[in-house]
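*Asks:* Residue numbers (the working numbering), protein chains in the order written: chain G, 41 to 317; chain L, 3 to 310.
Heads up, none of these hints are tricks.
Footprint (simulated), chain G over chain L, 3 or more residues, beta carbon under 8 Å:
#1 161-174
#2 244-252
Far from chain G, by Cβ distances over 12 Å, these chain L residues were calculated:
#3 L34
#4 E91
#5 Q97
#6 E99
#7 Q193
#8 L196
#9 A206
#10 R219
#11 P227
#12 Q228
#13 A230
#14 K256
#15 S270
Derived from the structure by calculation, the hints contain no laboratory data.
Just so it is clear, the structure is predicted and the values come from calculations on it, not from any experiment.
Just so you know, even glycine gets a beta-carbon here, dropped at the ideal spot from N, CA and C.
Okay, here's what each chain looks like letter by letter:
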Amino acid sequence: MYFALPAIVLFAIFFAYPLVASFWQSLTATSGGVTRFVGLDQYARLFADPLIGTSLFNAGILLVVQVPLMMALAVGLAYLLNQGWLKFKGGFRVLHFLPAVTTLVAYSVVFRVMLATDGGAVNQLIGLVGIAPVDWLNHETWARVALIASITWRWTGYNMVIILAGLQAIPAELYEAARMDGAGRWTIFSRIVIPQLRPVLLFTGITSTIGALQLFDENFILTGGGPSDATLTPVLYLYKVGFRQFDFGYASAIAWLLVALTALIAFVQFRLTREKL
Amino acid sequence: MTHTVATRPAPSENSAAPGPAWPTDDAPGASLAPRLLRGIRHLPVYLVLVAGSVVSLIPFLWMIIASTHQTSDLFGTPLPVLPGGELLENLARLQAETNFGRVMVNSLGLAVVYTVFSSAVSMMAGYGLAKFRFRGRGVVLGLILVTMMIPMQVLLVPLFQMMASLGWIDSYQAVILPFVASAFGIFLMRQSFLDFPDSLIESARIDGANEFRTFYRIVLPVARPQIAALVIYTFMTQWNAFIWPLLMLNTEDKYTVPVALNTMIGLSRVDYSGLMLGSLIATLPLLILFLVFQRQFIAGLLGGAVKG
Chain G
41 MYFALPAIVL FAIFFAYPLV ASFWQSLTAT SGGVTRFVGL DQYARLFADP
91 LIGTSLFNAG ILLVVQVPLM MALAVGLAYL LNQGWLKFKG GFRVLHFLPA
141 VTTLVAYSVV FRVMLATDGG AVNQLIGLVG IAPVDWLNHE TWARVALIAS
191 ITWRWTGYNM VIILAGLQAI PAELYEAARM DGAGRWTIFS RIVIPQLRPV
241 LLFTGITSTI GALQLFDENF ILTGGGPSDA TLTPVLYLYK VGFRQFDFGY
291 ASAIAWLLVA LTALIAFVQF RLTREKL
Chain L
3 MTHTVATRPA PSENSAAPGP AWPTDDAPGA SLAPRLLRGI RHLPVYLVLV
53 AGSVVSLIPF LWMIIASTHQ TSDLFGTPLP VLPGGELLEN LARLQAETNF
103 GRVMVNSLGL AVVYTVFSSA VSMMAGYGLA KFRFRGRGVV LGLILVTMMI
153 PMQVLLVPLF QMMASLGWID SYQAVILPFV ASAFGIFLMR QSFLDFPDSL
203 IESARIDGAN EFRTFYRIVL PVARPQIAAL VIYTFMTQWN AFIWPLLMLN
253 TEDKYTVPVA LNTMIGLSRV DYSGLMLGSL IATLPLLILF LVFQRQFIAG
303 LLGGAVKG
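Pulled out of the complex, with its shape left as it was, chain G reads as follows (with noise of 0.2 Å):
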């Protein structure tokens, strides 16, 4: 027990006191440099405040977007390095998993550069082909499809290599006995190779899941959470109202939503999992 008590002393001071001293903060308001204790005030302004539907909203297209199309992307890669007859196969996935070795803000930063409106590298490479300059960051729409483009462009190889390595777990008799039976390669596919994928799916998808409910390093250093909200997360206006505003209260009720939410998600996923057993 000695080996773990370190451990144990630094998360009662650094996680279940500050923990409990958040919850109990989300009940409190200041105002004036006095301190009160207001119940669920700070909950019910949860639900009165447009930001924080919109934060949310913004988190869903993240959901709905970004993680399928890089859960698409990383399962047909994976699916292709898998191939037996694939050479150059170690080259091919040191590559692809390059870009999860760059630090957050440096990436950010550099998509930030690249996208520039007046002759950003990506409208000068757009104009090649004739296409009119896009103004990428401060366009609602165009912001959006920014942020989910630097998100995919960071951790589709990360959850490519989860998912190759789950690929590689599957029997090989599967496929044979799958092809004794007369399956063409889209049966195996669907039948076969998504199912045996399931859990690593399951885990790979939850986790870009809670990383998208948390995004705030892309954002706030491509956009800020701009232009008018577009790209503005729950942790990022969390941040705000904590640290900008000082509203300590209602930053701590945020992130209480943010705690039921993640919640959430891992019972779903717990859900998901139970099921197949």
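With the hints as your guide, set chain L onto chain G.
*Replies:* Just chain L, lined up with the frame of chain G:
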């Protein structure tokens, strides 16, 4: 998009197929015509993978190119496609604007110190929780699991206030200390110590080694691969850390690399080539770690999601 290529119906049942143990196409004596046909069928797969690799690489290449040119070149037409000769000028400006040398030392120092302490705590706790039975062990394990589920953002406000009341704002210990105990690290270590045979621990005790000696002479060396993964993961966590150092540090000389990069973006006249050079330098340590310790790096990043 890649799906269509991957799953295009095969013209014949003998075509290339997935799976490592698949009957091989390249049977000796296959005549030229089928081989050619197969080559044509394989071509789209290579094209997709090459395209994916290029997309992955372009931002890296652009970082290198951009950090060796003047800012005006980065937005001029045509774009430079080869490295230029402005590297040293950009470096000098980067140093003048943000004291980047000092910032790098801060980031490296913080990451190394954090890695040492956090890994030590994780290894010890993982061992304690894997190999000793004590009252409340189940509770501790359960709490650690819960810790992993709870988003760290919920701690931001109370930790900020705690550091403020300790007078630790703008100090390095405030950046590191709250996150030294890492639930993920403890779990990773516990999993790797679980399989360690009790008999070996017993015999070391019988030979008169004390508990701590047993731990670091007998147990730790066996877990070396997992420890390497843990160390890389821990280093990367601190190196990438942004929101917490951003809240804690407000003297420029104490900034870490991500915080300094963020400051440069906020300037009224942004030095883009300096910014790209800073990003490149920020990426280099991780890139080197990755290229040298590929296996452990991936294992650490994937967080034990996949074995081997």
